[in-house]
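There are 2 protein chains.
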Amino acid sequence: MKRPTFTLLAAALGLAIAIPTHADEGMWMPSQLPSIAKPLREAGFQGNPAELADLTKAPLNAVVKVGGATGSFISDDGLVLTNHHVAFGVIQYNSNAQRDLIQNGFVSHERAEELPANPDFRLRVTTGFDRISDKVLAAAKGKTGRAYFDAIDAISKATVAECERESGMRCSVVNMFYGRDFYLVKQLELRDLRLVYAPPRAIGNYGDEVDNFVWPRHAGDFTLLRAYVGPDGKPADYAKDNVPYHPPAHLQVARDGVKEGDFVMLAGYPGITYRHRTAAEFADQVQWRLPTTVEVMQQLEHVIEDTGRDDRQAAIRYASQLQSLKNNIKRFQGELDGLKRSDAVTVRRKDEDAMLAWLAAQPQASKLRPQIDQVGQLIAAGNATRERDLLLGMMQTQTQLLRSAIVLQRLAHERGRPDAQREAGYQLRDEELIAGTLRQVQRRYDPAVERRLLTALLTRYQKLPDTQRVPEFDAAFGRTSEALSHKLEQVYGATQLGDEAARLGWLKADPATVAKSDDALLVVAAQLQPALLRMEDERKSHEGDLLRLRPGYMDALIAYRQKQGRAVYPDANATLRVSYGKVTPLKARDAVTYEPLTTTAGIVEKNTGAVPFDAPKPLLDAIAKGDYEGYAEAKTQQMPVDFLSNLDTTGGNSGSPVLNAKGELVGLNFDSNWEAVSASWMFDPRYKRAIHVDLRYMRWLMDKVYPAPQLLKEMGVPAR
Amino acid sequence: MKRPTFTLLAAALGLAIAIPTHADEGMWMPSQLPSIAKPLREAGFQGNPAELADLTKAPLNAVVKVGGATGSFISDDGLVLTNHHVAFGVIQYNSNAQRDLIQNGFVSHERAEELPANPDFRLRVTTGFDRISDKVLAAAKGKTGRAYFDAIDAISKATVAECERESGMRCSVVNMFYGRDFYLVKQLELRDLRLVYAPPRAIGNYGDEVDNFVWPRHAGDFTLLRAYVGPDGKPADYAKDNVPYHPPAHLQVARDGVKEGDFVMLAGYPGITYRHRTAAEFADQVQWRLPTTVEVMQQLEHVIEDTGRDDRQAAIRYASQLQSLKNNIKRFQGELDGLKRSDAVTVRRKDEDAMLAWLAAQPQASKLRPQIDQVGQLIAAGNATRERDLLLGMMQTQTQLLRSAIVLQRLAHERGRPDAQREAGYQLRDEELIAGTLRQVQRRYDPAVERRLLTALLTRYQKLPDTQRVPEFDAAFGRTSEALSHKLEQVYGATQLGDEAARLGWLKADPATVAKSDDALLVVAAQLQPALLRMEDERKSHEGDLLRLRPGYMDALIAYRQKQGRAVYPDANATLRVSYGKVTPLKARDAVTYEPLTTTAGIVEKNTGAVPFDAPKPLLDAIAKGDYEGYAEAKTQQMPVDFLSNLDTTGGNSGSPVLNAKGELVGLNFDSNWEAVSASWMFDPRYKRAIHVDLRYMRWLMDKVYPAPQLLKEMGVPAR
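Chains as they are written, first to last, in the UniProt record's numbering: chain B, 1 to 720; chain E, 1 to 720.
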């Protein structure tokens with residue numbers, strides 16, 4: 001392009017410019033890789049794309065789910081590489097005042113020293129990934145709305161139950177392209193994980209919140225675990241006699257590192273993206289949902305802050321909720337800024353318009369166009385009550401006592417049905433969790449704050465037009481500010497739910513007693529319950545229809561992209577995906593370029609001696625000594641720490657292995673840059689970056705700083 | 001160097017590494033340029049260095065003093081280019097509610113529209129620069145201490161008085177190399193300056209405090225003035241019939257711009273540097289003076305903030321003092337951080353040790369070494385009371401009422417002597433200023449705050465050892481916190497100086513009445529006065545001896561540098577200096593590179609629509625239009641705004657013209673980067689940068705955004 005900044009400028013000025021969203025974008029299902037073999041090879045991949053097609057075979061079956069994120073096997077004896085922050089619970093579980101592994105890190109010198117993880121920590125190896133679209137869709141055929149939703153739900157649950165009959169297996173049905181395809185995922189669940197090697201916090205989490213989402217970064221965010229199984233080779237709970245698990249495959253650690261421009265690829269379990277949402281949904285997100293959510297959350301933030309200024313006790317009780325509001329506000333605002341910077345609404349609108357124009361001349365138009373129009377109508381219909389839904393939703397998530405009352409009434413309602421038919425979250429196995437939540441209220445509740453939060457939300461609600469009103473809510477809280485104020489004063493003055501024993505007591509009461517309780521807040525919850533159930537039913541019906549109709553939108557999009565010469569990946573849904581790209585600098589803003597590799601010099605630069613920039617003395621000493629032989633970059637003799645790529649990632653990709661052109665392990669994904677927060681909706685190649693630990697740094701630490709030569713040998717990259 | 005980051009690392013770790021301080025360092029006297037002709041040519045200068053040797057001849061006599069900073073003539077009709085912030089007073093003077101030139105900028109379309117500057121605004125053209133060392137030093141020969149100081153002072157004053165007999169001339173005696181050389185500077189002072197062209201604030205000061213000291217920068221910090229003289233060609237006060245001044249020379253605006261790596265040079269009036277101070281003074285600055293000053297100022301900051309929290313009126317009165325404290329704390333802390341980053345103490349110490357070792361074998365050692373040792377002893381002796389001097393100094397600068405009392409007593413004291421013999425600042429011509437200061441107190445004084453500030457300072461003073469105590473202060477304020485508290489309560493309860501009329505009344509009283517006043521605070525000031533006079537005498541005696549002995553240190557340093565093949569420039573002293581270097585990126589920190597040119601794209605990126613990032617609509621429209629023909633960079637078609645160089649600058653260099661290898665005007669200096677705050681002591685080539693307006697941006701604004709074609713034509717670069 002002759003004028004490379006024009007796009008940037010134009011986007012900032014709100015002009016309509018086509019951003020090349022396809023460059024390096026994509027969270028591909030492994031099965032799609034053979035179909036994009038050509039661009040993959042052109043990008044620099046030296047292996048055979050066909051060998052990556054089956055995620056249950058080597059090498060992709062070495063990529064596993066660890067905790068809520070990703071990890072990979074890196075030895076034949078079950079050594080697992082993941083992030084320090086992913087394994088943090090394991091490190092914490094093994095720490096105490098006498099042996100602070102968080103602060104000091106941990107190096108096991110022999111297998112007997114390896115420390116068992118917390119018993120609920122799990123690792124899953126995918127052993128099956130079968131397309132069951134026909135079976136699932138057949139079950140819902142002819143149905144619409146809630147019936148469609150329930151049919152998909154029922155066949156999915158039945159399929160999972162059948163699959164999990166095999167011992168040690170965890171199964172799930174996942175849907176690709178918003179209901180177009182369904183897959184049965186079958187995973188071997190390992191339950192005996194042990195801590196093998198962890199750097200000190202001040203390496204693993206160097207920079208902490210200050211550096212979170214920040215590049216340049218200098219964290220050694222890695223930890224090594226080992227998977228164990230029973231002597232019979234089957235998954236087992238921790239036992240002294242368990243033996244290391246021999247995975248079907250493991251990744252090979254590279255001997256060399258990467259440099260700017262090198263091909264890299266990554267495999268992992270990205271959580272959720274919205275890239276293929278409709279133009280109307282993009283507009284809703286940018287023009288209404290994000291700014292409104294930020295506005296409402298800021299209002300709640302101010303309520304808590306204002307009250308907390310004069311009431312230290314209230315400030316402490318709401319500290320966690322306030323922090324959470326602040327984090328969300330920051331994140332949503334970042335997403336909004338990013339989507340505006342990328343001019344996402346216009347770009348998506350023009351793209352969709354072009355698709356529809358193209359579709360009009362295609363034979364499938366007569367089938368797909370009506371479906372697409374219906375999707376549009378459904379979305380528009382949903383938007384008609386979006387203000388109400390947002391406010392009433394927050395009424396339940398941002399209150400403590402009212403939420404408790406609503407949960408108690410709902411549980412009473414569900415208890416009247418057989419366990420299997422109860423709503424998820426209210427089954428027998430959930431009751432322990434509910435009790436815990438009701439107990440927590442004690443540390444997080446203050447009546448004055450809750451009344452003010454509710455006042456803020458319900459005052460907004462009272463101003464909505466009649467079309468968004470809910471009779472039960474109007475009846476419960478009145479339609480004027482005076483009525484609301486009076487009602488809240490009366491209810492919060494009278495309810496006994498603020499008392500822990502009283503609150504927990506209702507858990508033990510029989511359903512009919514709860515329903516007829518004369519506790520002021522339980523009365524309100526009982527009054528609201530029909531509305532909540534009705535709105536839930538409407539939501540499921542809405543979702544059922546979207547699940548039924550969106551596949552038409554996706555069919556059109558996939559066909560249109562094919563005509564453009566582009567493949568389409570399904571939006572992320574926590575299934576294994578592969579992304580490829582290269583080691584890439586970030587032109588963060590005018591005249592500012594972030595180079596894609598950081599070095600140990602940056603650790604010293606950032607180091608203040610105080611948390612979170614308090615690199616341990618052994619590390620500072622080793623940097624001063626500069627013994628980087630075999631690890632440093634050949635040309636500059638600088639020791640790499642982290643590197644940056646344009647790989648397509650999102651939450652859930654933590655711990656994903658980063659491979660070079662030969663498929664060897666060169667990095668470990670652990671974060672994104674701040675500018676990429678909006679990538680869940682739109683991949684903007686100018687700003688989307690992923691942040692990885694350079695495996696040379698890990699190897700150097702394990703060789704020279706906190707030595708573990710036996711582990712390096714096990715990984716096939718012995719100490720120098 | 002094989003390992004370029006080692007220096008950085010080592011410096012950060014406190015290891016002793018020689019930093020190449022000579023690369024591109026230097027604020028050269030023009031007369032020195034022929035002696036550095038070789039490096040100047042090697043750096044890329046294409047002109048004849050000999051032609052730059054005389055600052056009273058072209059082209060350097062086109063570089064003038066404007067306000068407190070620098071400017072340059074850029075047309076034969078007296079057009080002057082300087083910074084928007086340098087000419088801000090002129091713009092403000094011509095602004096009112098009806099015609100807000102600050103907000104809207106100003107474009108004169110013909111000479112009759114040019115607006116007169118505030119009457120005290122001055123421009124000075126240097127017409128003489130003569131070395132008078134022999135004369136000055138002869139006057140002081142054989143003297144020491146206070147007598148040496150007074151002799152230099154007297155001969156300087158007499159020389160200036162003699163020189164200023166010529167009408168329209170302002171003269172000064174400046175000393176180079178700390179008393180080694182003296183020069184008589186003769187300047188033609190022009191008094192009729194007019195505003196010709198100023199961009200709106202949101203261009204001239206785009207980014208304001210947020211971007212201050214920041215690179216990347218996007219300000220169009222320039223303004224055009226015109227110098228006028230009487231019809232007889234002589235300096236004159238503003239009069240309608242005055243005519244444009246025809247300067248002896250003017251700079252030629254370049255048609256082309258610069259790019260990374262290009263040679264650039266700059267001429268201007270840098271204020272003060274300390275580069276040739278001794279190793280002991282570097283150690284004092286880093287290890288004691290900066291951290292202690294920051295600590296004491298932070299204590300005063302907290303006093304003001306604490307009081308202001310509960311007393312809004314006090315907060316308002318001390319807002320300006322608080323802001324000034326904050327700015328100083330930030331600046332001193334920045335200087336401290338920078339000097340530590342550069343490991344300045346060790347670097348200077350090793351350099352001085354090497355000089356002394358070399359000197360030992362030289363014939364001049366027997367003469368110079370004793371002088372150098374005496375300098376060391378004087379500095380050590382001065383350090384013996386540094387805590388006291390700092391605290392008692394702040395007692396006078398950080399109080400309002402006590403300072404007023406001290407000033408009134410001192411003025412009474414000085415009024416007893418002939419005007420010519422009065423101390424500078426207390427002469428007849430200063431009395432108006434003193435009255436103004438006493439009047440200002442009313443808006444800046446609160447008795448509770450002043451007592452707390454004094455308590456903080458004097459409590460620190462009370463803890464000093466006896467060797468630093470001053471009997472008069474002990475007598476006035478007691479030696480215990482109880483005595484201090486009691487005394488301040490009594491004095492501030494009784495004094496009438498808080499009343500403006502009372503305070504100003506004392507200005508009119510005769511000296512004896514003031515000296516015998518029974519106002520509680522004037523009594524304290526009278527009690528302290530003998531001590532203040534005694535300490536002032538000691539300081540001047542100390543300075544006199546340093547002035548006498550430092551030349552020995554400088555002789556040794558100059559000889560040692562000569563042996564190293566390096567020339568030595570005198571520390572900055574507000575005389576015309578020339579610096580050369582190149583357009584240079586800044587590797588700000590690990591993996592972060594700042595490119596040396598910003599572009600208009602960055603204006604759009606930064607623009608929030610709110611002050612200080614509220615670029616005017618005409619500018620945003622012009623950027624969107626992108627009509628950069630003839631101004632943009634040829635290769636990228638990007639429109640430059642500001643650029644970065646490694647030129648050696650300090651405060652006072654604002655408005656300095658930046659020239660290319662052919663001596664043509666390519667930029668206008670207006671700021672430094674934050675990392676360069678410590679450059680007043682040490683030039684670290686890794687971090688020292690200067691920030692300039694790219695003249696292409698100025699020309700484009702004057703062509704396409706706020707057109708002034710007649711001015712472009714006058715400058716010889718007509719609109720395209």
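Careful, some of the hints might be misleading.
Note that identical chains are pooled: a pair holds if it fits in a single copy or bridges any two copies.
Below, computed lysine-lysine pairings styled on DSSO-like, alpha-carbon distance capped at 27 angstroms [as the list claims (entries may be wrong)]: (1) Lys330 x Lys617; (2) Lys540 x Lys157; (3) Lys350 x Lys625; (4) Lys38 x Lys259; (5) Lys713 x Lys141; (6) Lys367 x Lys582.
Everything labelled a hint here was simulated from the structure, so no lab data went into it.
Here's how the hints hold up against the structure:
1. Lys330 x Lys617: neither (34 angstroms within a copy, 29 angstroms between copies)
2. Lys540 x Lys157: Only inside one copy: lysine 540 and lysine 157 sit 16 angstroms apart there, 93 angstroms across copies, limit 27 angstroms.
3. Lys350 x Lys625: Between copies, since 22 angstroms is at most 27 angstroms while 57 angstroms is not.
4. Lys38 x Lys259: Only inside one copy: lysine 38 and lysine 259 sit 23 angstroms apart there, 40 angstroms across copies, limit 27 angstroms.
5. Lys713 x Lys141: neither (56 angstroms within a copy, 79 angstroms between copies)
6. Lys367 x Lys582: neither (40 angstroms within a copy, 67 angstroms between copies)
In terms of the numbered hints stated before, the structure departs from hints 1, 5, 6, listed from lowest to highest.
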